[in-house]
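A.B. asks: All chains should be modelled from the sequences, with the hints used to inform the complete structure.
Each chain is listed here by its residues.
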Amino acid sequence: MHELGIVIHVMKTIEDIAPENHITKVGSATLEVGEVSGIVTNEFVDAWNYFRKKKPLFEDAELNIIKMQAITYCTACKKTYPTVEYGRTCPYCKSGETYLVTGNECTIRDVTAQTEDEKEDDPGMPSGAEQESRT
Amino acid sequence: MMKVIELHASATASNDLDAAALREELKDRGILLINLMSSPGSGKTTLLSRLIRDFQGKLRIAVLEADIASKVDAETIASLGAVSQQVHTDGMCHMDAGMTEEGLRHMDLDGIDVVFLENVGNLICPAEFDTGAHKNLMLLSIPEGDDKPLKYPLMFQKSDALALTKTDALPYFPFDIEKATERAKHLNPDVSIFPVSAKTGDGMRDLEDWILESLRELRHA
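One line per chain: the protein sequences are A and B, in this order. Using our numbering, you'd call the opening residue of the first sequence number 1 and step up by one each time. Using our numbering, you'd call the opening residue of the second sequence number 1001 and step up by one each time.
Here are some chain B residues pointing at chain A (derived, C-beta under 7 Å):
1. Met-1001
2. Met-1002
3. Lys-1003
4. Val-1004
5. Ile-1005
6. Glu-1006
7. Leu-1007
8. Ala-1009
9. Ala-1011
10. Thr-1012
11. Ala-1013
12. Ser-1014
13. Asn-1015
14. Met-1092
15. Cys-1093
Below 25 Å or equal to it, Euclidean Cα-Cα: the simulated DSS-like pairs (lysine-lysine) are:
16. B:Lys-1027 to B:Lys-1135
17. B:Lys-1179 to A:Lys-94
18. A:Lys-94 to B:Lys-1185
19. B:Lys-1151 to A:Lys-67
20. B:Lys-1135 to B:Lys-1185
21. B:Lys-1158 to A:Lys-67
Just a sample of chain A residues kept apart from chain B, beta carbon distances all over 10 Å, derived:
22. Asn-49
23. Lys-78
24. Tyr-92
Hints were generated in silico from the structure; no laboratory data involved. It should be emphasised that the depicted structure is a prediction, and the values quoted were computed from it without experimental measurement. Backbone N, C-alpha and C fix where the C-beta goes; we use that ideal spot for every residue, glycine too.
C.D. replies: As structure tokens, this is what we get:
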């Protein structure tokens, strides 16, 4: 159920940068999600589709998820290996002195958005009227 | 026109900003916020009840109770004379900084030294959201088993202190304190570990000293 909370924060992060980037509609958001981040992709997409209908900025926004491979580093033999396959024990030297390098992240990589150019050629039109004229 | 905007921001970036602001605001007021995380039934409310009794006359404590439903924990805390507030998370399995800030806004914190946020009982999600707390205190109870650091590593990594609760039940469960300590320290070498029994009072003094030291640290930083 934490997918719900993460989706809310992803949307809020995008909403926060929307005014400075003159975003009027989000077309898609691309997220990098680590293999061992604990995020269930299907639930994440369900939560996204639920919330996007509640927010005009996101109503047509698609969600793209790029799965990031989990990699663990072994401090004993200084090698890296795929985490999902071998877990915490290094497959080369069998040491447990290992730590996760990547695979736990959930990052917003980019957003494709419809933006509104600053209307320098039309200074007289108030922004509210501008909004209405587009709908 | 359509535009691609590169962000490379953490998915919880907006929460991280809210959390940092809340942490700073509470620091300015000299109030220490401790986030309690654990699975359901590990003894969070019992530990808090003990702390409230032990700190009577020494520290002014308030508790923000987060649950999906009911207000039984808030009532238990209020019956001990501490300021308490119940928040319902509307189905959400964790608290975030915005929800914590909203809950605190409904509490009278004048003169309060320490606020405990009793997070939703869950070993996974609460560890993923910064609540704005100055310290994270995790509870792992003896009946849960010493293998939990292996299964739920993130919470152990995010905690400043770990209370191994219900040590009075040690004779009845195959819980190895040394193993649990080693596993937790492997994930987080800086974590302070306190085996405690809120029922008998064993080990409580060390945990209470850690709380007092955290408060001193906050006020003199």
